[in-house]
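Can you make the complete structure from the sequences, with help from the hints?
From first to last, the protein sequence lines stand for chains A and B. Mapping of the first sequence onto our numbering: position 382 corresponds to residue 382, and the numbering continues sequentially without gaps. In short: position in the second sequence from 1, add 1000, done, that's our numbering.
Hints listed in this document are in silico derivations from the structure and should not be mistaken for laboratory results. Don't take every hint at face value.
Stated by the list, open to error - BS3-like, lysine-lysine: derived pairs with alpha carbons at most 30 Å apart: (1) A:K337 / B:K1109; (2) A:K337 / B:K1156; (3) B:K1109 / A:K563; (4) B:K1109 / A:K362; (5) A:K248 / B:K1059; (6) A:K248 / B:K1089; (7) A:K222 / A:K179; (8) A:K330 / A:K278; (9) B:K1069 / A:K304; (10) A:K337 / B:K1002; (11) B:K1059 / A:K337; (12) B:K1002 / A:K329; (13) B:K1123 / B:K1090; (14) A:K337 / B:K1069; (15) A:K304 / B:K1059; (16) A:K595 / B:K1135; (17) A:K362 / A:K409; (18) A:K330 / A:K304; (19) B:K1059 / A:K324; (20) A:K222 / B:K1059; (21) A:K561 / B:K1099; (22) B:K1156 / B:K1059; (23) A:K248 / B:K1090; (24) B:K1099 / A:K549; (25) B:K1069 / A:K330; (26) A:K337 / B:K1089.
No experiment lies behind these values; they were computed from the predicted model shown.
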Amino acid sequence: MSDKKNNTILLSGNEAVARGCYEFGIHVATAYPGTPSTEILENISQYPEIYSEWSPNEKVAFEVAMGATFQGARSLVAMKHVGLNVAADPFMSMSLIGAPGGLIVVSADDPGMHSSQNEQDNRYYAKFAGYPCIEPSDSQEVKDLIGVSLNISTQFDVPVLFRMTTRICHSKTIVHISKRQEYAIKGFEKNPKKFVVLPAHARVRHVWAAERLQKLQEFSEKTDINRIEIENSDIGIITNGIAYQYVKEILPNASVFKLGMSYPLPIKKIRSFAGSVKRLLVIEELEPFIEEQLKTNAIQCEGKTYWTNLGELSPEIVENGFIKAGIIKKNRFSTVKEEVIPRPPIFCPGCPHRGLYYALRKLKPVITTDIGCYTLGVLPPLEAGDTCVEMGASIGVAVGMAKAKGSGKYIVATIGDSTFLHSGLTGLLNAVNDNAGITIIILDNRITAMTGGQHHPGTGKNLTGSKGLKADLAKICQALGVKRIKVVDPYRIEETKAVLKEELNSNELSVVITNRPCALYPPEMRKMVRQKPFRVDPDRCIGCHTCFKVSCPAISESDQKTKKGLTQSRIDPVLCTGCSVCAQVCPVEAIRQVK
Amino acid sequence: MKQKMDILIVGVGGQGILFASELLSEVAIKAGYDVKKSEVHGMAQRGGVVSSHVRIGKKIYSPLIQEGKADILLAFEPAEALRWVHFLKKDGFVVIDEKRLVPPIASQKAYHYPDEPIESVRKRILHVQSINAAKRAEELGDSRVANTILLGILSKPLGIAESIWEGTIKERLSKDSAAINIKAFQLGRNQT
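Given below as structure tokens:
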């Protein structure tokens, strides 16, 4: 999408991060995929000037980027908001060391929980660790602020928390691009008092970090990324991120203090701005992070009274807040929404999770599941999955359930390959050590599917397409001490069910691994997965709709009816991959493969 | 073109909504406008509801269109037109592909695909144009160009020069693909 004459292109926020990394000389970039952050590394990987990798989890990604900045390299690590919980340990302790080569930590928060389990506001992490927090409000700012953040990071020897949100990550706006600037890598300079956080060293470094925060505070007062747009003196609005755009849209004549840096705040500058307006409002998405800091500093303001701390903001919510605050009158017609049939996400045609869950649910176990496509098994009609918390939780939770000996004859943990390698290994080691009588099913589809098909140490390829490790999950389990390991073909329902039944009844720790690849990713696998499609024989179909229970997008109601007037089923031959799961559940053998 | 145009493109995952909104955005940039485009990724490929906001004007702030303020609603599916019609302003314009995509959940008793979604949209909005784009695309020889037919219809009220559209299609697609897409675009543009 480019107009080559003036180097103007339309970029998403994530693409703009990648472009910024390129232009401002980033050397090393790492991540574990997670919506809404995934496209950052996917785009960075297109620049051979930058070393980039998918790490097995966010903690490792953080540590790799940290090592790089210790060498003096310009580094970036990207993750979704909950990923920072995984990386919180190095994130916090690094505060006392610093980031000599520069380090940007991108936290892609998900207000509204478009595809996340919570909507925590990660700006608090910046305050927690004493790092500057930078928040862009469109793609051009994303790119520019990557440059500013690197300057801050190297000048103050501090990691920068670069906080984005789903709307910023995935909206596309115009960006002016330029050339890459190269920076030399200094190399690691031995200094144990800085790089080794022994208690004796750390106590000294904590004083240093406190002084650093003081200097950052002074910087925040002077930087032009915290800017005032003076218009009318009746209303003053302090805002940032996407909220800034909604404010400008709804109330273009208000005076606005736009914060590019939300921590530490330019308190003196804000105090003076507050004195120049009659009423001071704070409009920010999610928590009252800015508002609380202003109130602590005795600056009178209003914010969360009118704008909720729950969910994603929208132009409508910002407008309604202004109406509640008595600033604008309700002047437009109200919109009436139509109730229309929902389209919940379901397993793709050919998805290997379908057959596994169909077989498993028949045994009525308590299922602790995990984070990935397979979480969708929780939804009707499969309804297979009873708990889901965070990456890797399934195994530990299953052990706890088994040890507590409450209800549930069988306890089963279901976990994907990417999630298992992310944080299931230690849980499994513990389960073996505890001699827990649970069954762990690794849904091994050989890709990180939910986020759009990223490689991991089990796929045999790296982010840039080079050869990578193809970890053998069965051998890993064996090495961790698991005695019972079974491999099943999830396309064969009866065989899968028989194996599961035996393992569940064994009362021993057992690992069952499914062996079919994802039907969607990587795209080059699709041809391998695809067999001749199946069709419904109208002479045989009795309209019982048992095939609907496998919840396949290729199966729908046909126009034809049975003699008894029941609607028959139909299989879309374009969507069908020929996995045969529906044919196996049909009680009258009406579903057959096209010859 | 008017000072500002807010266009909402809606449909079901896999219908090529994001490609259509990319093409539209690029055309608008070439015509010298500021453009913002917003959609949320994640569930799109799994049969879910997909919407893409495209805002075109001299200077755009919010990437999201406000409810009740869209100038044009481009719906790739009839029930989706109904789901999003509240985004349109009263004198807005709706383009609908008549081909229905009934979700599997419709087979459960609690759920019902709307009987006459296009008629329901007409009851609320005066300017509605519907077309069986999927069928017309097949007649042209490639069912995948249905989107481009719909973009052709949209191009008229938008008021950006035809040459910019055709140039952009040529740039974005291979030679063969561009030829049939330009045909599809013309077919849409000449609909009345």
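Quick rundown of the hints versus the structure:
For the hint pairing K337 of chain A with K1109 of chain B, the CA-to-CA distance comes to about 23 Å; that is within 30 Å, so the pair holds. Under the criterion of a C-alpha separation no larger than 30 Å, the hint pairing K337 of chain A with K1156 of chain B is consistent with the structure, at around 28 Å. For the hint linking K1109 of chain B to K563 of chain A, the alpha-carbon distance of about 21 Å falls within 30 Å, and the restraint holds. Distance check on the hinted pair: K1109 of chain B and K362 of chain A sit about 23 Å apart at the alpha-carbon level, within 30 Å; holds.
The straight-line distance between the Cα atoms of K248 of chain A and K1059 of chain B is roughly 11 Å, inside the 30 Å bound, and the hint therefore holds. Between K248 of chain A and K1089 of chain B the CA atoms are separated by roughly 21 Å; this keeps the pair inside 30 Å, and the hint holds. Between K222 of chain A and K179 of chain A, the direct Cα distance comes to roughly 28 Å. Compliance with the 30 Å bound is thereby established for this hinted pair. Between K330 of chain A and K278 of chain A, the direct Cα distance comes to roughly 22 Å. Compliance with the 30 Å bound is thereby established for this hinted pair.
Proximity of K1069 of chain B to K304 of chain A is assessed by CA-CA distance (about 26 Å); at most 30 Å being required, the pair is judged to hold. With a C-alpha separation of about 27 Å, the suggested pairing of K337 of chain A with K1002 of chain B holds against the 30 Å cut-off. For the given pair, K1059 of chain B sits about 29 Å from K337 of chain A by alpha-carbon distance, which is consistent with the 30 Å threshold. For the hint pairing K1002 of chain B with K329 of chain A, the CA-to-CA distance comes to about 27 Å; that is within 30 Å, so the pair holds.
This hinted pair checks out: K1123 of chain B and K1090 of chain B have alpha carbons roughly 11 Å apart, not beyond 30 Å. Restraint check: the Cα-Cα separation between K337 of chain A and K1069 of chain B comes to about 14 Å, which is no more than 30 Å; the hinted pair holds. At roughly 29 Å between alpha-carbon atoms, K304 of chain A and K1059 of chain B fall within 30 Å of each other, so this suggested pair holds. A distance of roughly 27 Å separates the Cα atoms of K595 of chain A and K1135 of chain B; the hinted pair therefore holds under the 30 Å criterion.
At most 30 Å may separate the alpha-carbon atoms for a hinted pair to count; K362 of chain A and K409 of chain A meet this at roughly 13 Å. Between the alpha carbons of K330 of chain A and K304 of chain A the distance comes to roughly 20 Å, so the proposed pair stays at or under 30 Å and holds. Distance restraint check for K1059 of chain B and K324 of chain A: the Cα-Cα separation of roughly 28 Å lies within the 30 Å cut-off, and the hinted pair is therefore satisfied. Annotation: proposed proximity of K222 of chain A to K1059 of chain B holds, straight-line Cα distance about 28 Å (limit 30 Å).
About 21 Å separates the Cα atoms of K561 of chain A and K1099 of chain B, which keeps this hinted pair within 30 Å; it holds. With a C-alpha separation of about 22 Å, the suggested pair K1156 of chain B and K1059 of chain B falls inside the 30 Å cut-off, and the hint holds. This hinted pair checks out: K248 of chain A and K1090 of chain B have alpha carbons roughly 24 Å apart, not beyond 30 Å. Simply put, K1099 of chain B and K549 of chain A have alpha-carbon atoms about 25 Å apart, close enough for the 30 Å limit, and the pair holds.
Our distance criterion of 30 Å between C-alpha atoms is met by K1069 of chain B and K330 of chain A, whose separation comes to about 15 Å. For the proposed pair K337 of chain A and K1089 of chain B, the alpha carbon gap of about 13 Å is at most 30 Å, so the pair holds.
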